[in-house]
Each structure stands twice: as structure tokens, then as C-alpha cells.
Amino acid sequence: MAIRTNPPTAPVPAAFGDRDLLRRSASGAQTPDRQLTEVAKLIDVSKCIGCKACQSACLEWNNLREEVGVNTGVYENPHDLTPNSWTLMRFTEWVNPETDDLEWLIRKDGCMHCADPGCLKACPAPGAIVQYTNGIVDFDRDHCIGCGYCVKGCPFNIPRISKTSGKAYKCSLCSDRVAVGQGPACAKACPTQAIVFGTKADMKLHAETRIKDLKSRGYKNAGLYDPPGVGGTHVMYVLHHADQPSLYAGLPDNPRISPIVEAWKGVTKYAGLAIIGMTAAFGFLHHVVAGPNKVTEHDEEEGARLTEGKSA
Amino acid sequence: MNMELSRRHFLKSAGAGVAGTAIGAFGFGGIEEAHASSVRAFKLITMVETRNTCPYCSVACGIITYSKGDLRKGETAELIHVEGDVDHPTNRGTLCPKGAALLDFAKSETRLKYPMVRKPGSDKFERISWEAALDRIARHLKDDRDRNFVAKNNEGVTVNRWTTTGFLGASATTNETAFVTYKVVRSAGMLVFDNQARV
Amino acid sequence: MTNSWTDIQNTDLVVIMGGNAAEAHPCGFKWVTEAKANRGAKLIVVDPRFTRSASVADVYAPIRQGTDIAFLLGVIRHCIATDRIQWEYTKAFTNASYLVKDGFTYADGLFTGYDEQKRDYDRREWEYQIGPDGFALVDETLQHPRCVWNLLKAHVDQYTPELVERICGTPKAKFLQVAGMIAETSSPQKAMTSMYALGWTQHSKGSQNIRAMAMLQLLLGNIGIRGGGMNALRGHSNIQGLTDVGLMSNMLPGYLTLPTEKEVDLPTYMGSRGFKPLRPNQVSYWQNYGKFFVSLMKALYGPAATKDNNWAFDYLPKLDVPAYDILRAFEMMNEGKMTGYVCQGFNPMQSFPNRTKITSALSKLKFLVTMDPLETETSRFWENHGEYNPVDPKSIGTEVFQLPTTCFAEDEGALVNSGRWLQWHWPGATPPGEARNDIWIMAQLHLRLKALYAKEGGAFPDPILNVHWPYHDKNEPEPAEVAKELNGYVVETVADPADPTKVLLEKGKQVASFGVLRDDGTTACGCWIYAGSFTEAGNIMARRDNADPSGAGMHANWSFSWPANRRILYNRASADRDGKAWDPSRKIIEWDGAKWAGIDVPDIPPTAKPREVGPFIMNPEGVSRLFARGMMREGPFPVHYEPFEAPIANVIAPKIRGNPASRVFKNDMAAFGDAAEFPYAATSYRLTEHFHYWTKHVWVNAVLQPEFFVEISEELAREKGIVLGGWVRVWSKRGSVKAKAVVTKRIRPLICDGKAVHVVGIPIHWGFTGVAKKGWNPNMLGPFVGDANIETPEFKAFLVNIEATTPPGAVA
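Chains as they are written, first to last, in the numbering used here: chain A, 1 to 312; chain B, 1001 to 1199; chain C, 2001 to 2812.
Don't read these hints as lab results, they were simulated from the structure. Built from N, CA and C at the ideal position, the CB exists for glycine as well. Careful, some of the hints might be misleading.
With a Cα cut of at most 20 Å, we get these calculated EDC-like pairs of lysine to aspartate or glutamate [claimed, not checked]:
hint	chain 1	residue 1	chain 2	residue 2
1	B	Lys1113	B	Asp1143
2	C	Lys2307	C	Asp2265
3	C	Lys2474	B	Asp1135
4	C	Lys2450	B	Asp1146
5	C	Lys2337	B	Asp1143
6	C	Lys2580	C	Glu2612
7	C	Lys2364	C	Glu2383
8	C	Lys2337	B	Asp1135
9	B	Lys1124	C	Glu2387
10	C	Lys2774	A	Glu98
11	C	Lys2774	C	Glu2707
12	B	Lys1107	B	Glu1078
These stretches of chain B come out as covered by chain A in the derived footprint (C-beta under 8 Å, 3 or more residues) [as the list claims (entries may be wrong)]:
hint	segment
13	1036-1046
14	1075-1086
15	1146-1152
16	1185-1196
Okay, chain A solo, but in the shape it has when bound (with noise of 0.2 Å):
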């Protein structure tokens, strides 16, 4: 049976759960019992009609109310994703110097679910970010402690930092309606089905018959972006013009995390699974332990530094 059942609203089991966590930031190697099937949501951008349903489930499903912001010239609102907008329409005027054609590019930006996460890999606060399985890179606020560092770690600049409650937000990919067999909200509304969600072998197979049509109307680059420099993601486009990636608002052409993350990374994992004291071991950490409204400039420059290089 597909993902079409209207949500529940008798208590249901949860699809998955702590035990599936495969990366926990900051705390070293998980061992999952079981491998849940990946799931990814696939988004489709020459069906994408800019019509910001997506950004408007996403206010709603998750109790976002942005501020009512101005207009600057542009389509996009708010302006960038924001602690309360966790996605964002990102248009873009393209004249196509092949056809002289002009073509409206329209991104839904924001998380990208990496297979390879460079937010929880920069992540020193335990427990922050987690995850899962089947994909799922979800941020856990009861342990975020507002450095940023996931900020600087994301190649595709998405999480923000609010200033009222000092922590780390983005997109968790509606884990808690994926949780009870739902997509997410953002896949649900789309109208076109532009965005459309299921496991990532059924996303990718879909996206073939959408390049196969894109081909067939003369966009030969058409092709699937799913970046192998971060693992591959669980988010993915499909793109009319795949060889040019950044035509999209900047989408990053060959995303990868920042060695300097790698190396952190390489570092938690000798720590091995001194969960808690291990940031201790870390002296420029001291300021960020020492809480969430403590973050000192030292912590950003710190920060600046570890992800130094990092892709576009």
C-alpha cells in the first residue's frame, strides 16, 4: 500500500526509534541493530511551479510564524531560511544562451539530509545531532548548544541559529510524521508533486522516467543531483541542467564537507565513546560547555577555522 492513508489519529507504533541511530554527534560510533530502508525526498525542480506550498506546510506542520518581512525587489520570502523558515523557494532568472529562451529556475531550498553530514560531524555538543538509518539528519534541541558549528560544517549553508532561544534549527524531514508512516509536510502539500517522498531506490527510480521526459523535450543535461561528496543525500533534485547545478540559486556544483571537519571527525572517533567528558578534552570547546547563551566570538573563530575550505 502506498503513502496514502490520511494521518492517524489513533496512537500508532513508531517507525523507528533511539536504536536506529547510526551517528550521534559528539559521542562516537552507534550500533544499530538493524539497517531501516533509506528514505529520501526527491524534488523534482522542472515540475516545481515556485508556488511556496512547501514553505507553507512546513510554517504550519511545525508551528513556525515567521515575521511578516518586506519586499526587496524579488520573489523570495522571507529572504533566507531563518530559524523559523526551514525551507525557502530560491528563484532564479536564467536566460538559456543555447535558445535565448528565458527560464524561470526555482529551488526549494534547505536541508539536504546527507548521507555524509558535515553539521553533525562539526557537532560538539552530544546528542545534538543525531542519525538515523534511514537517513534522517535530525537535530535534537535538548542538547544543542548554539555554537554554530554546524552552520560552518553544512557544505549547503542550512541550519540557523536562533537568537531568541540561542539553538540550532533546519528542516528534520518531518521526522516525527515519517515516524508514523507519513511524508513529509512539505511532499504532501506540493501540488505538482514536484516533491515527492518514499525509500531513496524508489526516488531514484523515479527520477529516471523524469530525466527520460526532460530528454525528450531537448534538455539533454537533464540528471539527478545526489552529490557523492557527501555520501549522497536524502534530498535530491532533479535538475534540467544537472551539468550546472549552481544555475539554481548557487546549489553547490560538488558539495563536500571541509577536511578540517573530516579531521574532527577522525578525532571523535579515536575518542571513542567518552560520550560526555569528551569535550573536555578539547580546550577551545571550554567556553562552548559552558552553555548555550556563552558562545564567544573565540567559539565562531574556532568555528571559522575547523571548516576553513569548505566547498561552495
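Position chains B and C relative to chain A; hints supplied.
Same frame as chain A, but now just chains B and C:
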């Protein structure tokens, strides 16, 4: 009544939502277990579902309202969430950015809660009871109708029309509201009568 | 819509012109993306702006607003010239072969019979030649010089690709590409669907925009078939229902019409509505008009409507003008000829043209009543909001009542979607404060008025005292009770005349279909086209079986589709002259030798023989009309007329301003602007983030599109020194607004008649109430003139000027 009427024939055609995936693939069918600590509790558990139709455009998407409290049991019901109805043949669970935010329409801070009157020359609205407002409006209607009703035209033909008070019908009210409105307006002989379809 | 939203999945070509479905109807547009993804369908978008629909189109062609007729007649010409006509369909199912009176002519933009003073035509010559047998004369060989086909060919001949480019600004190559793709659907195996909305209706020749496309669709054989049709995308959730139930000046429920004062009695009234067939054997379904009318009067007036009083014919008000439409209403109001006005869920300050005039008119009322779930600009028209509403409350003597109503989540009943589906919904939330539903409010007003008349007497109280009010709770009729009236019921038992022991209709039962309605007072029916929606089997509108065994998107057991649960109108035309489907893969109904049957309810009497009875049963001809006879005020064929405010003169008839048959009130003519003073071509539209003036009250939508803006090209911005995100002032002859500037490649100057025309796009969603930023709206700048036939205001094409400016001053 509404849920009983629902025959959940799940759509089998390719249709929209081409990317259906077996729920089992997400881990269902396994043993029951606690939520992960990062995962929020599912907020619709114990809510009351009601079938409705999006009030905006004429695609008329099927929606489900989720409320705390059950009107059918005589309880007060507070709207908590609105989501597309996957059983609906047209929208198949999807919603546009307006439909997806319907909760904020029903709960808008500029929802009107009480009858108000603005007196001639005044710069403010004042509370008025329903009884007083309706009595006064009915008085206005009758006074104007009695003064300006045209029973016969210049040729002596019975025309029975009233053109000095007008009525604009809505665009999102029900057929049943429309017919009751029709009876009330036409029986008064009103001709200045239009609805949103005009524009 | 002739078809349904779900039927769009069956199309091969979608033409979005006069609308922006992706933007305004995203979940309906889903079926375009499905057709594209699953059958390789193509999408063409023709629009002054590169819209969200255009962003996923295969071909986008720019066009200057208000020139669609030139474009479409150009496409018809192209189809004729390249012989891409569905010949068998055109010959058998249209009036191509009908002979037109010799007196009918066309020259220099005008047809026979024009009276410039009256801005109207004598339409007597726009008719068929009638033979001695009383039937229209036809020439099936299409050779006769007076047959519709030859008149049409001559009429469109002028609209060459070069002329189209000159008028519309559409590059010739782009036009030919579009015309070529459309022409391919003349194949019986190809279907094209037309999706349009207010981009076609909000013009002084809106009805003819739609006719032009309908004519093209008929010539291509695309009406009545799966994946085809003329699909009007209605704006509001029940605008279809409100129209069906006849809430318009000149309408009765079910598309019956009110009498005019020339129709002095019932026989005269019926005399012009008998619709005798114009060809042998034709159904001419309006011959049943009397049954629907008498049944309606029984529903409205119950026992007070009797044969002796002509079914209460005198209870109906008689019109002295074609209609008291909204433009006429506000003209009268502004002249001080109105006392009161009631706005039920309607916001004229935002929806009607020339706000200065609207405000002035409302200020002259003695009383105004608004019924709405949300604050509206209209209910607060007297309130000073600085630049946004610069009025002086002290000088406004109107008493205003603002009545709070329920919203969707709190009420029950049926709404009719664009595809004519009547869908029932249920309440799930408690209304806030003292908000009440509209039925209760209307009942209260009626009962009070009735009590006052019973007590005091007064002007002709009879219809008010006698209106049929058979509800369990007089104070608040239940939706189901009213729905049953709309469906219709048996008033008196009817026995079978052949066998008096057999009961045909039993008193008190719901009727099963409009086929059993009678003109003798034994049946009552509030809206004949809704018969079948609430029968003895229950509330059919509440059905929720979404099965679709044919896979054609019919969903025959989901809710109820009027009329008679028919999902595709004119579906008889999906089969050829002999009743075989044109395309077996698109079969809807076929003739099996004895009857019509298939996956939809046949739009033809089930035993009507295919070669004898034509598919367009509502027309006395039995066929569709390429030539509209005298039924359109400005002509039986569409003609290119410029908008009343146009950047260039009409190149085919330079002396004609606007639509020559449009009604223009005296002072409004003086309030039209000229291109010299107002050089830019403005158009209004919706954005996907908002719904009219409601969602500026909705927090999430205010976040998604917070502030009023206008869209202009990079070229115009450079020319006028306007910067991205800067403030601009936009003004017409009737008003001025300030907005943020969205400078975009999606609008480009169009070259029309050798001149660069700059388009200024103005979305409609902002006002001075709500949680979004305060702002203005283009309608307030719009011209006070409407379509010649139905008076829809010309919001889609008018002239403005624009300049960079400073932000609006500090306001509350």
C-alpha cells in the same frame, strides 16, 4: 456522519503521487517502540477529523480539519490543523500555499467576533447586540422599501421592483446559504443583486 | 468547465491563455503536470508576463493584454489556411453549413445595425435564413456564399501572422509555432484543452475572448471529448454555485431569467423562452423551460404559487434595464439614488474599479451592512488610514453594520467546484465570539421584515409574507433541508395517466431527476440543474467513493456533478456522426444500435438516433454556433477591439475606442486616460501566495508575500530610473498608488504597431486591513467599464504612468 460516509477506496491509478512507497519500508511491521528522543510526538493523535472543502479557489480541494473537541458530541471544538485529504480525486492530499495555511485563516487575529456598528460621522466601530443590529437593519430595509418600491411602471405594467437597496451575494458561502439568500432578497423585490461572479 | 479538473490528465496539449493556472489553481494544475509526465502532453502559455505557468511550459509566447481575439482569429485563419480542421465534426456538429440572412455584413470593425448614440446594435439581421417549413436553411457542401463557413473564412482572413504580430506584439515565429501546435489537435486522435480565467473575462470584450477560443476548439473537434473542452477556472470556491442558484440581477436559479417589464404576463414571458427547434428532430431542451420555472415558483412560494395567479408571476420583480450589475449599482449609488447596500462576503472597495468613485458612492448611502468572517476595507471604508484611505470620517454619514460570520471550518453545506461538482462539507470547529452563519443571519432579516409587514402593512407585502419557509427551525434552516428544496420534491401525488392505479410521483418524496419536473404545480424544485443531488437515496453530494474504474478521471460516484451527474458536457460529440468514438482510446459514450451508453451519463436522450439528433441539445439548432446569431451584443463573430485605454489605436478600425457595444456612463468616459499621458499598459493579477483580499489576514501567507509590489521590465526600470526593491508611484486617470518595484526579465517590452509597449504588472492582494503590510490594489486604478454582455470590469488592460518615488508617509 462525515466519517461514516467515507469509503476509503485508495486510488490505484498512477495519477498524482506517482512516488508511492510501501509503508513497510519505513520500518512498519516491526515491533512497537518508543519515539526517538529527537522526534516530536505526532500532534494529531486524539484529534477529531472532519471532512471539509478548501474555501478558496474552485479547484475545491478536499481537506481534513483536525480539532480538539468534537462538535458532534456537543463539545467546543478548537481547530488545530488542516491538511489535504488524500482520498479526494482532485487534489489527492495536496494543497497550495493558501490551503496549507487555512489554520491561520480560521484563527486570524482579524477574525470578526462581535456585531459592530459605526454611527454616522463616527470614527469608530462600537459593539452592538445581534438583536439590536438585526432589528435596526430590518427597520432600514422596510423604511426604504416602503418609500421607494415601484409597483407599476409608467405604462401601468406591474413591475413590483425595489432598486434603492442592493445586495451582493458572496462567493464562498454554500448553495444552501445562496438559496435562502435568494428567497429573502427576491421576495423583497430587489433587483440590485449581484455576486462575485460579476467581477 | 465543460470537463473536470481530473479530466485534464487526458489531454495532449494544454493552452493557458487568459489565465495562470499554476499560480491561481495550483492543485488543479497538477493535472497538467500529470498529462505532461504521463502522456507527453505539451503546455503552451500565452501571457503578457512570463508567469509561474510559463515556468513549466514547453512554449511561452508573449502577448499584449487585450489582444487575444486577434491572436485567436489568427490561429483560426492558420488552421483554415493549412487545412487543419476536424472536418466531419465541423460539418456535423457546428452551424458552419447554416445560411445567414443577406442583410448581415461586416466592415471596418462594425457589423450591420450599429447605432453610435446608443452604443448598441439592431441585431435583427444577425440571423439564419429560415425556410418555408420554419427551419433554418443549410448547405452541407459549404459552398453557398452565405453559409457560416464562408462568412467565417472571410471574417478571419485579415488576421495574418503579420497583423497578429503588429497588434499583439507576439513575434511572428513564436505565433506560428503556437498556431502549428494547436492546429495538430485537429486530428480526431488529439485533444487540446483551454484553461482560462479572469485574464479573458476582465475585458470590455471578455465574452468574445472566450467565444474565439470556443470557436477554435469546435473547428478542431475538441469539445465534448476527454482531455478537451473550454475550461473556465472559476475564482472562488462557490462562485459556480452562486451563479447556478441565480444570485444575479437578471437571473433565476438554474439559468432561468427574470422577466423584463416588456414581458407583461406569464404567456408573454414564456413566449420568448419556448425555443422551438430550428432543425428537424432536435431536442432543444429549453422547451422544458416551463416545467423548471413553475417548479421553481412552487419552491419559492409554495401554496401561494397557483395556476390561478400564474404561479405568482407578479411576485417577481420586472427589469427595466438589462441588469442592475455592480457597475450600474455604484453609478446609481454615486448619484444618490440608493439608500442601502448589503455586502455578504464581498469587498467592493477592493474588487471594483475606481476607488474614488466607490468611496464616494458608499458615503452617500444611509446604511451599509457587511457580513464577513474577516475585516474588510469595505466595512471600514469610512476609517482614515492615512495615504491608504484618506477619508474624513466626520463627513461620512453612512451607518455601517459589520456582522461577523462563520468560516469554512464552522459551517455545513455544498460548494460547487469549477468542474460542476457539488461537494458537501461538515463543520469541525466552534465559531469565535458571537460569529453566526449566513443562513441564520438571512433568516433573521427575513423574519423581522415579515413581522414588520404583518404588523404595519406597507408596499406589496405579499411575496415577503408568502415566501415558502418550510423549515423545522424557522430561525435557522438546516442546510440539509435547503439542499432538499434545491433538489426538488413532489408537492402532489401524480398518477400515471395510462393507469390511474399507478403512482408516478408520490407526494413528499424527493425527485430523482429534472426529467420528472412538471409545469402543473405538482413538483417543486429550487434549482433544476441540481435535481438528483439529494434524492430519496440520500445526500448524493456527500458521496465519497473515489473509485475510477475507467481510469479516465470520471469519479462518477464522488459527490454529484450537475447536470444529472454528467462529468463531461456535450459528451455526445465524443463520437462521430454514427455514434462511434472518434478515438477509441477516448471513448466516453457510444451508440450501441439502440441506445447511448458508456462511462459517463450521456448528454443526449439515451435513445436519440445519432444521425438525427445533434449533440448540442440546449441549442434549438442541435449544433454548436460558430456564428452566434443575435446573442452577443457586439457581434456574431469576435472582432479585435482595443481596451478602452490602449497604448496604440486599433489598427483594423482606428476610429473605434474599446468595444463599440460596451455601456459607458457619462462621467466615466471622461475618466479614461490616453496613451500620451499614461503611456504604460497595466494589468492586474493574482499571486499564488495569496487569495484575493482574504489571505492578507492570514499570517503564513503574509509571510510568504508580505508587501504590495509592481512588476516591470529591466528596460522600463532603466528608462525611468527605477531600482530593484525601490518605491514607485503608479497612477491612472483615476487614482494613484505606491508600491515596491520588482524589476524582472519576465516582462519584456512588446513591439506593437512599431511602438515599444511597456507592461506594468500589478498584483491585487493588498489593502489597509490584515496582518500583511498595508498597501494598495490595482482595481482601484481600473476603468469603470465592463464587458458588453456581462459587465465584468476591464481590470486586465488599462493605462498608467510610473515613476520612482519615496516610501509612503508614516501612518497608523
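Cross-check of the supplied hints:
no. : hint                    : in the structure
1   : Lys1113(B) / Asp1143(B) : violated, 29 Å
2   : Lys2307(C) / Asp2265(C) : holds, 13 Å
3   : Lys2474(C) / Asp1135(B) : holds, 17 Å
4   : Lys2450(C) / Asp1146(B) : holds, 13 Å
5   : Lys2337(C) / Asp1143(B) : holds, 15 Å
6   : Lys2580(C) / Glu2612(C) : holds, 15 Å
7   : Lys2364(C) / Glu2383(C) : holds, 15 Å
8   : Lys2337(C) / Asp1135(B) : violated, 24 Å
9   : Lys1124(B) / Glu2387(C) : holds, 18 Å
10  : Lys2774(C) / Glu98(A)   : violated, 43 Å
11  : Lys2774(C) / Glu2707(C) : holds, 7 Å
12  : Lys1107(B) / Glu1078(B) : holds, 10 Å
13  : 1036-1046               : holds (count 11)
14  : 1075-1086               : holds (count 6)
15  : 1146-1152               : violated (count 0)
16  : 1185-1196               : violated (count 0)
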